[in-house]
Amino acid sequence: MNYIKIIAECIGFLAVGVGFVIFQQKTKKRLLFAKLCADILWITHFLMIGATSGMAITIVGACRSITFLIMAIKGKEENRAVLPIFMVAGVFAVIISWKSIYSVCSLVSCILGSLGYWQRNPNKTKLLSFGVCISQIIYAICVGSSAAIINEIITASSIVIFFTRYFLKRKSKDDQSALTQ
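Quick note: to get the numbering used here, add 53 to the position in the sequence shown (first position is 1).
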């Protein structure tokens with residue numbers, strides 16, 4: 054393993070740490086800001102290991118995060134034209150960075166991510182992001198990124214933990230309501 058690969062993996066593992074907190078956020082603004090920070094680290098990681106499709110899609114994702122974050126901060130409704138723009142940008146990014154059939158995994162991630170981060174409800178974002186995790190695990194295996202594989206496993210686990218807590222809390226409230234009636 055060369056030094057650039059070691060440094061790239063270290064940056065990737067830093068992105069893993071930042072990424073772990075993304076889906077524990079309760080507001081869209083905080084979720085998007087954490088996502089943007091992780092995107093910047095992943096762009097650097099993928100650039101250093103030569104995973105061009107992953108880098109290109111992550112650049113699109115970072116631009117999407119910035120756009121959606123600005124909209125959330127300004128309290129503006131999501132412009133319906135923004136979603137297809139990022140999906141088309143994702144297709145274009147995959148075409149220009151195409152290396153092999155596994156590049157399709159980056160496209161699937163981009164489309165699901167665009168749909169997910171466009172949602173107002175953070176729970177819908179988290180559900181769609183689970184699909185992103187699956188396609189990104191496949192991509193990470195193909196490009197040999199240990200950090201990305203671990204990141205997607207942790208991210209998927211984080212989403213599962215959130216929904217487990219969410220539904221257990223909800224069930225507990227339902228059980229308490231039933232007892233008081």
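Source of the hints: derived by calculation from the structure; they are not laboratory data. Where hints are given, some of them may not hold.
As the list claims (entries may be wrong) - Once the Cα atoms are required to be at most 25 Å apart in a straight line, the calculated DSS-like pairs of lysine-lysine come out as:
1) 81 with 127
2) 222 with 79
3) 58 with 152
4) 79 with 177
5) 222 with 152
6) 81 with 152
7) 58 with 129
8) 177 with 222
9) 82 with 127
10) 152 with 82
11) 79 with 152
12) 222 with 82
13) 79 with 127
What the hints assert, rightly or not - The calculated label-pair distances, taken between Cβ atoms and stated as ranges, are:
14) 174 with 127: 17 to 25 Å
15) 197 with 135: 31 to 39 Å
16) 206 with 55: 19 to 27 Å
17) 80 with 59: 35 to 43 Å
18) 221 with 145: 38 to 46 Å
19) 221 with 153: 25 to 33 Å
20) 123 with 73: 21 to 29 Å
21) 217 with 83: 14 to 22 Å
22) 128 with 151: 35 to 43 Å
23) 138 with 220: 32 to 40 Å
The beta carbon of each residue, even a glycine, is placed where N, CA and C say it ideally should be.
For each hint, the structure was consulted:
Proposed proximity of residue 81 and residue 127 is supported: the alpha carbons are some 12 Å apart, at most 25 Å. Taken as a hint, the residue 222 and residue 79 pair is honoured in the structure, with Cα atoms around 15 Å apart against an allowance of 25 Å. A threshold of 25 Å between alpha carbons decides the hint, and for residue 58 with residue 152 the separation of about 19 Å falls inside it, so the pair holds. Between residue 79 and residue 177 the alpha-carbon distance is near 12 Å, which keeps this suggested pair within the 25 Å criterion.
Simply put, residue 222 and residue 152 have alpha-carbon atoms about 45 Å apart, too far for the 25 Å limit, and the pair is violated. Restraint check: the Cα-Cα separation between residue 81 and residue 152 comes to about 34 Å, which exceeds 25 Å; the hinted pair is violated. Of the supplied pair hints, the one linking residue 58 and residue 129 is violated, its CA atoms being roughly 41 Å apart against a limit of 25 Å. Of the supplied pair hints, the one linking residue 177 and residue 222 holds, its CA atoms being roughly 18 Å apart against a limit of 25 Å.
Proposed proximity of residue 82 and residue 127 is supported: the alpha carbons are some 10 Å apart, at most 25 Å. Between residue 152 and residue 82, the direct Cα distance comes to roughly 34 Å. Violation of the 25 Å bound is thereby established for this hinted pair. A distance of roughly 37 Å separates the Cα atoms of residue 79 and residue 152; the hinted pair therefore is violated under the 25 Å criterion. About 23 Å separates the Cα atoms of residue 222 and residue 82, which keeps this hinted pair within 25 Å; it holds.
Restraint check for residue 79 and residue 127: satisfied, since their Cα atoms lie roughly 18 Å apart, inside the 25 Å limit. Separation of residue 174 from residue 127 is about 19 Å and conforms to the stated range, judged on CB atoms against 17 to 25 Å. In this structure the supplied range 31 to 39 Å holds for residue 197 paired with residue 135, their Cβ-Cβ distance being about 34 Å. In this structure the hint that residue 206 and residue 55 lie 19 to 27 Å apart at CB holds, the actual value being about 25 Å.
The hint said 35 to 43 Å for the Cβ distance between residue 80 and residue 59, and at roughly 36 Å that hint holds. Separation of residue 221 from residue 145 is about 42 Å and conforms to the stated range, judged on CB atoms against 38 to 46 Å. As the Cβ distance of residue 221 to residue 153 is approximately 42 Å, the hint placing it in 25 to 33 Å is violated. A hinted range of 21 to 29 Å holds for the C-beta pair residue 123 and residue 73, which are about 25 Å apart.
Between residue 217 and residue 83 the beta carbons are some 21 Å apart, a value that agrees with the proposed interval 14 to 22 Å. At about 39 Å, the beta-carbon gap between residue 128 and residue 151 stays in the expected band of 35 to 43 Å. The hint said 32 to 40 Å for the Cβ distance between residue 138 and residue 220, and at roughly 35 Å that hint holds.
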